[in-house]
Amino acid sequence: MSTHDAHGPAGQSPAHVSHRAEYIRTFVALTVITVVEVALSFVMVGTPLIVMLVAAALAKVVLVGGVFMHLKFEVKSLVLICVSPILFAAILIFGLMPDATRMFLDRMPGTVAFHR
Amino acid sequence: MSQVATVADPHGGHPVPVQKTPFGVTNGKYAMWMFLLQDCMGFVGLFAAYTALRVTAPSWPDPTHELGIWLTAGMTFLLICSSVTMVLAHDACERDDRAGLLMWLGLTILGGLLFLGGQVYEYTHLMTGVRTVLDPEWGLPLSHNFWGTFYALTSFHGLHVLGGVIYLSCMWIGAARGKYHSKNATPIEIVGLYWHFVDLVWIVLFTFVYLVPATVKYTAHLVPGSGG
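For the protein sequence lines, the chains are A and B, in the order given.
This note's numbering puts the first residue of the first sequence at 1, with every later residue one more than the last.
This note's numbering puts the first residue of the second sequence at 117, with every later residue one more than the last.
The set of hints was computed from the structure by calculation and includes no laboratory data.
Certain hints may be false.
[Stated by the list, open to error] Quick look at which bits of chain A chain B covers, simulated, 3 or more residues with Cβ under 8 Å: (1) 21-32; (2) 46-57; (3) 75-87; (4) 90-102.
[Claimed, not checked] Pairs of lysine to aspartate or glutamate, DMTMM-like flavour, derived with a Cα cap of 25 Å: (5) B:Lys-295 x B:Asp-213; (6) B:Lys-136 x B:Glu-238; (7) B:Lys-299 x A:Asp-99; (8) A:Lys-72 x B:Asp-155; (9) A:Lys-76 x B:Asp-155; (10) B:Lys-295 x B:Asp-212; (11) A:Lys-72 x B:Glu-182.
Quick reminder that beta carbons are idealized off the backbone N, C-alpha and C, glycines included.
Based on the sequences and whatever the hints tell you, model everything.
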């Protein structure tokens, strides 16, 4: 349950638990990751760079979702519902890949389309 | 489905009923989560189209060469700043710090406006800058899917930022009238959820559209009419 909107049955709001220090730490972490991301895009190339960038983006998403959107403080069932789009996104994107790869191979010079 | 609890009216009136879902959050907050989930699927559709078009394109330019990375890195920092001011606004509301609430909400709105200004500047620069489609040195036609996907994704996100700024402005007016306080802070948390979602989408967008490099290049074998 969120500590931010939890109200007691008697109508009294519990003492507010401030997360200011955690917010500031998260802000610093997000800034540092962004700087590292941009720096990496100038010094690295190819697949290692893509892996690093995706990992950095994932870390930032977890920080924003967990701390700023308070998912870290919610019940697990709500968290599971809120992260469900990741599954659907993976199905949608990877579901398109077989067709996308076939089209790409068709366009490569000197390649005979295998589906014809 | 929902449970009913009450919170004390700060003005001494009757207790105000608050509907709660089995997830322990208010109906309003739950509704915002549901809205964000379906909105998220809209972005997922665009990202899926972007990925498919990018993978199938015979050529894809390096975004770091075509787009202003420093400007967008600054815009990313702005959104991160506005996210932290948003949570600080909610924190101030929970502590009945009305001046703090107005200040942090105001700074969040300012961050959103500056972000939109940066996006307008970026678009203007890309459309009227030195490197136009008529420049033979550039060689990337305006019809290239790179631009189609770039403008579709960034403008859709920009509309969300604009909507967020309007939403936040309405909340600021309500806060200035004393509508939000420690007993009624959930609306501030709900607008915060929306704003953090906008920030979250930009984080993914910035990485995949602006930073991820082109790995396979067949620029010498462009297929006419392929759209790529």
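field: Hints not upheld, ascending by number
entry: 6, 7 and 11
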